[in-house]
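Enquirer: Sequence:
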Amino acid sequence: MRWTERPKIAFFSFTSCEGCQLMVLNCEEELKDLALRVDVVNFREAMDLKREDYKVAFIEGSITREEEVEKVKEIRQRAEVVITLGACSTTGGINALKNRFSVDYVTELVYGKNPPNMGLVENIPAMPVDRVVEVDYHLPGCPISKEEFLGFVKALTLGIPPRLPEYPVCNECKMEGNICVFETGRTCMGPVTRGGCRAVCVSFGAICWGCRGTFEYANIDAHRETLKNHGLSEEEITEKFDLYNSFYIHGKGGCTKTTT
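Position one of the sequence shown corresponds to residue 12 (the numbering used here), numbered consecutively onward.
Mixed in with the good hints there might be a few duds.
Said to hold, decoys possible - Calculated cross-link-like contacts (lysine to any residue; reagent style SDA-like; alpha-carbon spacing at most 25 Å):
(1) Lys-165 / Asp-147
(2) Lys-82 / Glu-40
(3) Lys-165 / Arg-87
(4) Lys-251 / Thr-168
(5) Lys-251 / Leu-120
(6) Lys-61 / Leu-120
(7) Lys-19 / Lys-82
(8) Lys-185 / Trp-220
(9) Lys-43 / Thr-168
(10) Lys-251 / Tyr-116
(11) Lys-19 / Arg-87
(12) Lys-19 / Lys-66
(13) Lys-157 / Lys-239
(14) Lys-66 / Leu-45
(15) Lys-82 / Asp-115
(16) Lys-82 / Glu-63
(17) Lys-165 / Phe-54
(18) Lys-157 / Met-34
(19) Lys-185 / Thr-168
(20) Lys-43 / Ser-156
(21) Lys-61 / Glu-40
(22) Lys-165 / Ile-260
(23) Lys-19 / Arg-62
(24) Lys-157 / Ala-57
(25) Lys-165 / Val-52
(26) Lys-84 / Val-49
(27) Lys-19 / Lys-239
(28) Lys-19 / Asp-50
(29) Lys-157 / Ile-218
(30) Lys-239 / Leu-254
(31) Lys-66 / Glu-158
(32) Lys-157 / Glu-29
(33) Lys-19 / Glu-158
(34) Lys-19 / Asp-147
(35) Lys-239 / Phe-226
(36) Lys-84 / Arg-55
(37) Lys-239 / Ala-217
(38) Lys-66 / Thr-15
Because the hints were derived from the structure by calculation, they are not lab data.
Throw the hints in and build the complete structure from the sequences for me.
Expert: So, in structure tokens, the structure goes:
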């Protein structure tokens with residue numbers, strides 16, 4: 012899409028920690044250049060201004076209430092381009108872990124039995140945004156990579172469709188000179204997780220948790236076997252895959268499990 016003027020962009024939050032929007036603010040030195048490329052008209056975490064004439068909508072957070080379903084539909088009607096911002100809006104994220112249990116069980120676990128003002132509590136299975144409305148582009152991560160965000164914005168302003176890597180985090184571990192996590196006696200999700208983060212977690216001594224979701228050619232079965240060969244039980248393997256991909260494993264309706 013070609014723009015005749017600076018595109019007006021907006022940021023919206025649903026069920027999330029808003030850490031991905033914080034990463035946008037962490038661009039700091041790049042914000043000045045960003046302001047020359049786009050016109051930010053709605054960004055609750057950063058400013059009081061609130062306008063509805065946006066063309067591009069960045070959406071953070073999964074959909075967990077009926078109220079959010081209606082709101083995201085309204086955003087889609089107004090925006091020419093919709094982009095998910097982070098794991099929660101892209102894959103359902105950690106919020107979708109609750110889908111493994113019944114809605115009634117999760118509600119009681121959090122609020123107790125017969126809490127006051129129970130009528131104010133809304134609780135539906137967590138969903139990524141693209142299960143409610145059409146999404147043009149996904150920007151994954153928990154949180155997002157600010158470099159990738161800036162690249163997305165630059166591509167959009169130039170009329171170039173943003174693209175995500177179709178290779179695993181392992182590729183970037185090698186480029187960063189990291190020792191493979193498996194060689195240190197630990198396990199990680201790097202072999203099946205989409206690259207683009209520059210292997211930041213492994214580079215700082217942690218493991219890859221899989222926050223960017225899987226990529227198209229990921230060999231899930233082979234990685235499950237690898238994890239098994241490194242001593243993980245079937246339950247532990249499922250927990251690793253569930254952390255950021257629970258929605259796609261258990262689906263929108265969750266399952267009938269009612270206890271931990």
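Enquirer: Has the given pair, Lys-165 with Val-52, been kept, meaning a C-alpha gap of at most 25 Å?
Expert: holds (18 Å)
Enquirer: So if I understand the rule, the pair passes when the alpha-carbon distance is 25 Å or less; does Lys-185 with Trp-220 pass?
Expert: holds (17 Å)
Enquirer: Quick one, are Lys-251 and Leu-120 close enough, alpha carbons at most 25 Å?
Expert: holds (23 Å)
Enquirer: Given the proposed pairing of Lys-61 with Leu-120, does the C-alpha separation stay at or below 25 Å?
Expert: violated (36 Å)
Enquirer: Does the alpha-carbon distance linking Lys-43 and Thr-168 stay inside the 25 Å limit?
Expert: holds (15 Å)
Enquirer: For the pair supplied as a hint, Lys-165 and Asp-147, is the alpha-carbon distance within the 25 Å limit?
Expert: holds (16 Å)
Enquirer: Is Lys-165 within 25 Å of Ile-260, Cα to Cα?
Expert: Outside the cut-off at roughly 34 Å; violated.
Enquirer: Quickly compare the C-alpha distance for Lys-157 and Met-34 to 25 Å and report which way the hint goes.
Expert: Measuring from Cα to Cα gives roughly 6 Å; hence the hint holds.
Enquirer: Does Leu-45 lie within 25 Å of Lys-66 when you go C-alpha to C-alpha?
Expert: Distance of about 16 Å is within 25 Å: holds.
Enquirer: For Lys-157 and Lys-239, compute the direct alpha-carbon distance and say whether it is at most 25 Å.
Expert: Given pair Lys-157, Lys-239 is violated - Cα atoms ~34 Å apart, limit 25 Å.
Enquirer: Starting from Lys-82, check that the Cα of Glu-63 is at most 25 Å away, please.
Expert: holds (13 Å)
Enquirer: Compare the distance between the alpha carbons of Lys-251 and Tyr-116 with 25 Å, and conclude whether the hinted pair is satisfied.
Expert: Roughly 23 Å between the alpha carbons, so the hint for Lys-251 and Tyr-116 holds.
Hint compliance for this structure: hints 2, 4, 6, 13, 19, 22 and 27 are broken, all remaining hints hold.
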